[in-house]
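Undergrad: Each chain, letter by letter, is given below.
2 protein chains.
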Amino acid sequence: MSATPSPRIGIIGTGAIGGFYGLMLARAGFDVHFLLRSEYVAVAERGLRLNSAVHGALTLANVQAYCNAADMPPCDWLLVGAKSTSNAELAPLIAQAAAPDAKVVLLQNGLAVEEGLRPLLPDSLHLLGGLCYICVHRAGPGIIEHQSLGSVNLAYHSGPASDAEAQLAIAEAGAALFKEAGLDSTAMPNLAQARWQKLVWNVPYNGLSVVLNAGTTALMGHGETRALILAIMKEVIQGAVACGHAIPEVFADKLLANTDRMPDYLPSMYHDFVEKRPLELRYIYAEPLAAAERAGIELPRIRALAQQLAFIDTHNLG
Amino acid sequence: MSATPSPRIGIIGTGAIGGFYGLMLARAGFDVHFLLRSEYVAVAERGLRLNSAVHGALTLANVQAYCNAADMPPCDWLLVGAKSTSNAELAPLIAQAAAPDAKVVLLQNGLAVEEGLRPLLPDSLHLLGGLCYICVHRAGPGIIEHQSLGSVNLAYHSGPASDAEAQLAIAEAGAALFKEAGLDSTAMPNLAQARWQKLVWNVPYNGLSVVLNAGTTALMGHGETRALILAIMKEVIQGAVACGHAIPEVFADKLLANTDRMPDYLPSMYHDFVEKRPLELRYIYAEPLAAAERAGIELPRIRALAQQLAFIDTHNLG
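Chains as they are written, first to last, in the numbering used here: chain A, 744 to 1061; chain B, 744 to 1061.
Pulled out of the complex, with its shape left as it was, chain A reads as follows (with noise of 0.2 angstroms):
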């Protein structure tokens, strides 16, 4: 394994996801930078701050803190935590704070957010994905409200690393820093299968927040969005085991049960919405049923979902 005994780590996107997997990496010890744009000053004054329902209050006092990427030192591992909406812009950015053989995960979900950067990256650098599985949003500047869960999954998707085990390897080395900092964190060998998996959970939750203006204890205590939200579950199975990756239809309950036994959450996607920030309509929802599209078939109650969010975007965007 090539990892050094500490990496230095570079946080690129300081939201609810960056500035969680951040703080708890940096108070593992490790030696972290943080990228921020609008909320950059505040969180050079004041440190970054997490209430957290598991780990309690904690604070960040002394935040190594950037506005701009070309001051950071190069780091050896990068995680992307801002939106997939912003990905194009900050390809550059990434590639001015990355090491030589940098190694960039993307925290976001949805599917092929990596073929999207992809070309918009040097070569030379390691890409992976990050599937987060927490309750977290920002709650103001600085400061991240955590509710629960808060593992990651990471696969490898394209770089330097040419065999699956070299790629395993890199993909273990990232979840040891996870491991390191108390989180639960696996190497998967299957990054569209990871990422199919999540879509899971991502696909009714998140669009339904938006249309449906409600969380997830609403969504889940009424009978008729309780049975929409298992056949659009269903419908994402149809779509990944039609891209040659099996997903078990026992899969949907057991997220329903999961849920069931979650705090009342609301999605980033309900964030987004109500900040009137641009939903994450390609990588949700555009990608998966292109996909499935080409693997030849249709997924209605998705398409429809995403043609009601795609209005709801233009016109909370207008």
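To be clear, the hints were calculated from the coordinates, so they are not data collected in a lab. Glycine residues also receive a C-beta, built at the ideal position from the N, C-alpha and C atoms.
Reference excerpt, derived from the structure (chain B facing chain A, CB under 10 angstroms, subset only):
(1) Leu962
(2) Arg1044
(3) Gln1050
(4) Phe1054
Sample of chain B residues with no beta-carbon within 10 angstroms of chain A, all distances over it, derived:
(5) Asp774
(6) Lys826
(7) Ser867
(8) Gln940
Since the structure of chain A is already known, use the hints to place chain B on it.
TA: Frame of chain A; chain B shown alone:
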């Protein structure tokens, strides 16, 4: 034909639909009696007012208005313009206002409204369905805004007329009333077919206007929702065909083009939602879905929309 030269007409539920047709029939010289609830005082004092983009501003000053069905004279024709959600409580009032062999016409949307009401009516009454093609809404107590259209198609459902010829003659007698009031009206031989045909418009626009908080112009002006409307229309047609009612697929394209020519319109379900009335989900969504299911097909986009609407309805009334 058994219709008297000037039959007595009763309007049960004088909202936008009942008010419009009742006013037009009264102005054409018919003896029209209006049953009202919350708007009784306003209409008894100030009459009915129609602001019509087609017919101009019309007033019916001396309205024969009633707040008790028992006070009405026996009516030969009863036009029911109330919401289908209140049919069960209206049944005894209809029976009270009816002449012995009266014709009851349900000017309501959806499938199987007659099946819902029939068991609650005396066997001696004729029951017909009326499909109103009209853009109209209630603007205030006794005030009706009419944007466009106005035709009514009538079809016999059940009652003393046992053979098809007699049934069509009664539907034709009803159509003649509307024609005398200057409105297009056609007697149809097959009520279920006519109801399915009307659903091709109602199912997409009513539901989407509520879920997306938008009128027809906005829904038609966005490529994604326009495609969704068309897809939902085609599902309604699939349902109709599965139930034995041939509607050509091109009918959906025709309705899209017709809607493009309409002024911006907020369907009745939108007004019900905003005014916190129960949504007409049973007859516009649940009954067609159940009929299609009995015929062996699932309509996933309509099912998903109905599930969303059920959630919205619960929270709107709660």
